[in-house]
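Read off the chains here:
Protein chains: 2
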Amino acid sequence: MDLKKSPFIPNDKIPKGGFSFAEFHGSGTGLFFSIKKVLFSEKSTFQEIQILETEEYGRMLILDGAVQTTERDEFIYHEMLVHVPMLSHPDPRKILVIGGGDGGCVREILKHKSVEKLTMVEIDKLVVDCSKKYLPGISSKLNHPKLDLCIEDAVEFVKGRSSNFDVIIVDSTDPVGFASPLTTESFFRSAKKILKENGIYAAQTQGPFFESKSMSVISKRLKKIFPLTSFYLANTPTYPGGIWSFALSYKNSKNDFKITPRILKRKDLKYYSQEIHNASFALPPYVKKILGEK
Amino acid sequence: MDLKKSPFIPNDKIPKGGFSFAEFHGSGTGLFFSIKKVLFSEKSTFQEIQILETEEYGRMLILDGAVQTTERDEFIYHEMLVHVPMLSHPDPRKILVIGGGDGGCVREILKHKSVEKLTMVEIDKLVVDCSKKYLPGISSKLNHPKLDLCIEDAVEFVKGRSSNFDVIIVDSTDPVGFASPLTTESFFRSAKKILKENGIYAAQTQGPFFESKSMSVISKRLKKIFPLTSFYLANTPTYPGGIWSFALSYKNSKNDFKITPRILKRKDLKYYSQEIHNASFALPPYVKKILGEK
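As given, the protein sequences belong to chains A and B, one line each in that order.
For the first sequence, position 228 matches number 243 in this note's numbering, and the numbering has no gaps at all.
For the second sequence, position 117 matches number 132 in this note's numbering, and the numbering has no gaps at all.
Heads up, some of the hints might be wrong.
The list treats identical chains as one, so a pair stands whether inside a single copy or across any two.
[Claimed, not checked] Calculated cross-link-like contacts (lysine-lysine; reagent style DSSO-like; alpha-carbon spacing at most 27 Å):
no.: 1; residue 1: Lys282; residue 2: Lys228
no.: 2; residue 1: Lys228; residue 2: Lys303
no.: 3; residue 1: Lys235; residue 2: Lys126
no.: 4; residue 1: Lys282; residue 2: Lys304
no.: 5; residue 1: Lys282; residue 2: Lys238
no.: 6; residue 1: Lys269; residue 2: Lys128
no.: 7; residue 1: Lys285; residue 2: Lys235
no.: 8; residue 1: Lys58; residue 2: Lys269
no.: 9; residue 1: Lys140; residue 2: Lys228
no.: 10; residue 1: Lys309; residue 2: Lys285
no.: 11; residue 1: Lys128; residue 2: Lys285
no.: 12; residue 1: Lys208; residue 2: Lys161
no.: 13; residue 1: Lys303; residue 2: Lys58
no.: 14; residue 1: Lys303; residue 2: Lys174
no.: 15; residue 1: Lys304; residue 2: Lys109
Quick caveat, the hints were computed from the structure, so don't treat them as lab data.
Sequences are here, hints too, so could you generate the full structure?
The structure is reproduced here in C-alpha cells:
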C-alpha cells in the first residue's frame, strides 16, 4: 500500500510531510485520521498490516486498509465482545478466542477469575508480533501463563475437536477474503460441536448502518445452526456508522441470555456495566428489520 | 466559506470538479462526505448555511461548517430528541421547540395526537426557508395549522412568559456563538419557569466522545436548576464519535422518568421504540464519569 496515495490523503493541517488515513464507509464517505508517524507497514502472508500513530486516537492497527483498533476507543469493542458472553455463562473456565491477534480480547477475558485455560487461534503471527511491540496496552496479556496461543487457521482448528469449550469468542476481520469462512454455516456447525452443553458462541457481526447485507446473511446462518441467537449493539467511534453489532448464540436453547447476567466487579471497565449489558440487547426497529426480527 | 478550500478537501474518487466536505472532530480526525452538488450556500445574519447533496447520506444541512442533519440518518436524532420527552409526559398538549429550523422535531412532535399547540422559536429564518425548499422530507410539517412559528431569539422569547408549556425541546446548534446562551443557568431558569407544574425540558447535550467538557458543564447547570435530570444516548452516525447525548429534566421532582413511558403506536419509527427508550438511559461508565454520576 502506497502511504502517499489514496486512501491516504494529503492534509495541510498537520506538519510538513504529514498525511491523513481515510477509511471509506459506503460510497464516498468515511473517517479520516491525521497521522503523526508510520510505526509499522508490512505485508504478511495474509494481509497488509499497518500501525500508525494518529493525532487523536493514539496508535491504530490497520489490516488491509480497514481500521481494526485504536488505543483510544478499543475498550468499547473489547469489553463488549468479551464481557457480555463471559457474564452470560454461569461458570466460564475454558475459553477459545478466534482471531483477536492484537490481544484485546485476551486482556479482557483474563479479568474473569474462573478462567482456567484460554486458547487463542490467530492465523497471522505478524499481527501478534507487531501488536506486542507497538500496542502494549492492548497486547499486555499475550504472554500470560493461562494462554495457549496457536498460530493456525481457525477453520482447520475447530474441525474434529472434542466438546471442550465453555465460551468461543470470534474477534475476526470483516467477512471478506481469508476471514470469510468464519461466517459460514459449516464453521458455525463446527464451533457449536466443540462447545460444551451450556456453551456460548459470541462474535462481532459488522455494523448495521453500512454492512446491513452482511449482518442479515450472518444472522440467518447463525439462527439456522444455533437454537438461540440474540444480537447486541455498542457505540464504536472508529467503526463505520459509529455502531457495531455482536451475536450471542447458545448451544442449548434451555439457556436464556435475557436473565440478568453475573456481575464483574472491576474498577477498570469503561464501557461495560450490568446496566449496559442488558440495554445493549435493545435493538432499534431499523436494526431488527435487518435481522428479520419484529 | 470557500467551498474549494479546507475543510473541503479534493477527492479524486468523484467526478471532475467534485470534492468532499470534511468535518473535524477533535484533533486531525473527522468524517468526510463526497459531495455531488452544492444546492445552497449563503451567509445569514447569524451563520453560514449550506445544503449539500452527498453521495451516501442524501442531502445534508451544514451550519457554520458543522453537520446538522442528513436525510439518511436524521431519523435517529429527531426520533430520540422528541419521543423520549413526549412519551415521558402523561399528556403533552402545549409544546415549545427552540431552534429546530429544519423541521425534524416538528414532524416528530405532530405524530402525537395529544398536541394542541406547537410553538417553534427559531432565530434564523433562512434555515427554515432553505429547509422547506431543499429538505422536504424533514421540513414536511412546517406549514401545519397547529404550528406557531416565531422567528425570534429564544433567550428573549422565554423571558416573562407564563407557565404554559408541557414540554420544551431544545434542538440547537453546538453551544458556541449565538447558541451558547441556550446552555446557561439563566436560560434553564427561564425555561423552567414557563413549564407547567409537571412539565419536561429536553435538549441535545453534545457527544461524550469529543465534547465531554461541554457535556460536563451543561450537566452541572441543568442539575442545579432542575430538581431531576437524566441523560440518555443514541447512535448518531454523522455526529462526532457516532454517539450523542440528550438531557431530560423535570420541573417537579415528584415525577420519575424511570417509569415505563407511554407507547406511541406508529409504523414509521425507525430508531425509537419503548425498548430503546428505556435502554437509552443506560450510560457506560466513561459517560457517567463525564456527568459526575456513579
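Taking the hints in turn, this is what the structure says about them:
Proximity of Lys282 to Lys228 under the C-alpha cut-off of 27 Å is restricted to the inter-copy arrangement: shortest distance 22 Å between copies versus 38 Å within a copy. In this assembly of identical chains, Lys228 and Lys303 lie within 27 Å of each other by CA distance solely inside one copy; the values are 13 Å within and 34 Å between copies. Proximity of Lys235 to Lys126 under the C-alpha cut-off of 27 Å is found in neither arrangement, the shortest distances being 32 Å within a copy and 34 Å between copies. Taking the closest pair of Cα atoms, Lys282 and Lys304 come within 27 Å of each other only across two copies (12 Å); inside a single copy the shortest separation is 36 Å, beyond that limit.
For the homomeric pair Lys282 and Lys238, the shortest alpha-carbon distance between copies (26 Å) is at most 27 Å, but the shortest distance inside one copy (35 Å) is not. For a Cα distance limit of 27 Å, the shortest separation of Lys269 from Lys128 inside one copy, 25 Å, qualifies, whereas the shortest one across copies, 43 Å, does not. When the C-alpha separation of Lys285 and Lys235 is checked against a cutoff of 27 Å, the pair qualifies only between copies, where the shortest distance is 21 Å, while the shortest distance within a copy is 32 Å. Proximity of Lys58 and Lys269 under a CA criterion of 27 Å is satisfied in neither setting, with 46 Å inside one chain copy and 62 Å between copies.
In the homo-oligomer, the alpha carbons of Lys140 and Lys228 never lie at most 27 Å apart, since the shortest distance is 31 Å inside one protomer and 41 Å across protomers. Proximity of Lys309 and Lys285 under a CA criterion of 27 Å is satisfied inter-copy only: 12 Å between copies versus 31 Å inside one chain copy. For the homomeric pair Lys128 and Lys285, the shortest alpha-carbon distance inside one copy (19 Å) is at most 27 Å, but the shortest distance between copies (41 Å) is not. When the C-alpha separation of Lys208 and Lys161 is checked against a cutoff of 27 Å, the pair qualifies only within one copy, where the shortest distance is 23 Å, while the shortest distance between copies is 61 Å.
Proximity of Lys303 and Lys58 under a CA criterion of 27 Å is satisfied in neither setting, with 38 Å inside one chain copy and 41 Å between copies. For the identical chains of this complex, Lys303 and Lys174 are neighbours neither inside a copy (32 Å) nor across copies (44 Å), given an alpha-carbon limit of 27 Å. Taking identical chains as interchangeable, the C-alpha atoms of Lys304 and Lys109 are never at most 27 Å apart, the minima being 35 Å within one chain and 34 Å between chains.
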